[in-house]
Amino acid sequence: MSRAVAIVGSGPSGCYLAQALLKADPQLRVDILDRLPVPYGLVRYGVAADHQGTKAVIRQFERLFERQGACFVGNVVVGEDVTLDELRQAYDAVVLAAGLSGDRALGIPGEHLEGVHRAGYLTRALYEHPDAEPLPQLGRHVVIMGNGNVAIDLLRLLAKTPGELAGSDLGPVPTDWLAGSGVETIDIIGRSPAADAKFDAVMIKELAKLEGVTIEVVGAGVSDDDEGAKKIAALDAIHGHKTGSRRVTFRFGLTPVRLEGKDGRVGEAVFQDANGGTMSLPCSAFITAIGFEAAAGLPRDELVGCAAELELGVLADGLYATGWFRRGPRGTIPDNRADAQLLAARILADLEASDTGLEKPGRHAFPQWTAAVCYDDWKRIDAAETASPPQDRCRVKIPSREAMLALARQTKEPDL
Amino acid sequence: MKIMLLYGTETGNAEMLAEDIMAELEGEHEVECRNLSDFGPAEFDARRLHMIVCSTYGDGELPASAQPFAEALKAAAPSLSDIHFAIFGLGDSEYEETFNFGSKGLAELLVSYGAVQVGERVTHDASGSDMAEDLAFPWAAGIVALAEQKIGEAV
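If you're matching them up, the sequences are chains G and H in order. The first sequence: position 363 = 363 (the working numbering), numbered continuously. The second sequence: position 79 = 1079 (the working numbering), numbered continuously.
Any given hint could be a false lead.
Here are the in silico distance ranges between beta carbons for each label pair [to be verified]:
1. H:L1146 to G:D226: 34 to 42 Å
2. G:E211 to H:M1131: 37 to 45 Å
3. H:D1038 to G:E184: 32 to 40 Å
4. G:S2 to H:S1081: 34 to 42 Å
5. G:G221 to H:R1047: 50 to 58 Å
6. H:V1111 to G:A406: 38 to 46 Å
7. H:E1028 to G:D226: 29 to 37 Å
8. G:E359 to H:M1131: 25 to 33 Å
9. G:V77 to H:L1146: 51 to 59 Å
10. G:D224 to H:E1026: 49 to 57 Å
11. H:E1043 to G:D224: 34 to 42 Å
The list that follows gives simulated cross-link-like pairs (lysine-lysine, DSS-like), each with its CA atoms no further than 30 Å apart [unchecked claim]:
12. H:K1150 to H:K1074
13. G:K262 to G:K55
14. H:K1150 to G:K23
15. G:K55 to H:K1104
16. H:K1104 to G:K209
FYI, nobody ran anything at the bench for these hints, they're computed from the structure. Backbone N, C-alpha and C define an ideal beta-carbon position, used for all residues, glycine too.
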């Protein structure tokens, strides 16, 4: 008898979990559900378009579906097409690996002015997520609030010249948008001192390759701590980098106090420094990149709030969580791999202990999922995206759900 | 020949490549594949070829699964003068300053304890257009041919 596991979310944490489960027990039936018709979550829609090397993990995940027997069930929304309780009935174990796709709010006056944008909203638009909203006009002076890797990704993309995006999978609309943005200055603001910034030093070093900027680092300070010293050294190394006129300025230790505007549009950001002094920056766009939280859909707070053993990822009997959904919006792709390997061991032990001899139906309990997209369907979308990209792009993403589904269904018999 | 295939990995890419190399070689050779995190310096064997696949992570550092091995090696400081190894690196030229420093550092560390490197270190670039196995399979075949002479002479 083989046990059935449903994983909700096909991003890195869900795929790594399936990989670890199937490596340990190739007989398991593992279904990976996703609300989108396409797999891989933030590897596709969060890892920057110009970081294709980071996306190489997709080759592992392809193997998961092509050789390890995992089944992709795309275009199925838990909470709409199926309830969590129904899933738990049909599977021996259900794992929530849905990530955190909501942008955290800053919580200061003026946050709702026009011209204030949240990072997830912008990256979804840049990376052509089917639910993205149109890219906004940024104007000449951009302030990015936040010092995580997402903030640095946005900074780098906004700072790049069109030629520097060669080899990426940035689509034609975002490419034109960046090329015509007219951004003259980018100020990137950290609430903490540079030594405590959340970005990785290597992300800062990478900025030394930028071809059209003048970089200034204000007040990086010093640090006794190894990690802090690394970050400061990386910042010191790019300070004064001058290859063009677009000005990039790093500032630290500034707490945003309020945003001010005229006619409903942001025009100035006001900060408080460590000594209680006030400073302000003119801005035509204010981008917050201060972390993520649960989006509407699964009741994460409730589920995580009454988790049996949250540290291990056990929410309740037969219900688990991994990745950002479990531990919050911290950590990179390999952190999710480590998380998944630990949880896989626990799930396998629980399955062993709970063997009732009754075979659960898994996805076969849901004949109503007629619009589900399987892995072969996705491969048709994938093939269309990579068939003939422009010379300096590795892929052209299909941006709309309708177009994805049309390709997915191209050779499908009705009611198969 | 007897081959100990070792991998140091952070995202799993080096592990996958090591498994592919194993599948490629095991028809003709006796291959054991292990994570460096499960391998101790005392397990080096003069009668085997040690083939290592190692990535790079962060700021040119060793990947997580190779770090305990490197620490144990430094602590034991063994003489590895009768040990043969070859190494294949995985990296990303997007981070050009530290490109493939993981495999480079690990090779240097082994050589510093006297280990004999067989063949050249070959590296793959995740931002390039080659598939890792397209570089690694010919590398592995070449290394095995070289090592068959060398290890034959040594034992």
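Find the hints from earlier in the document that the structure breaks and name them by number, from lowest to highest. 2, 3, 4, 6, 7, 8, 13 and 14
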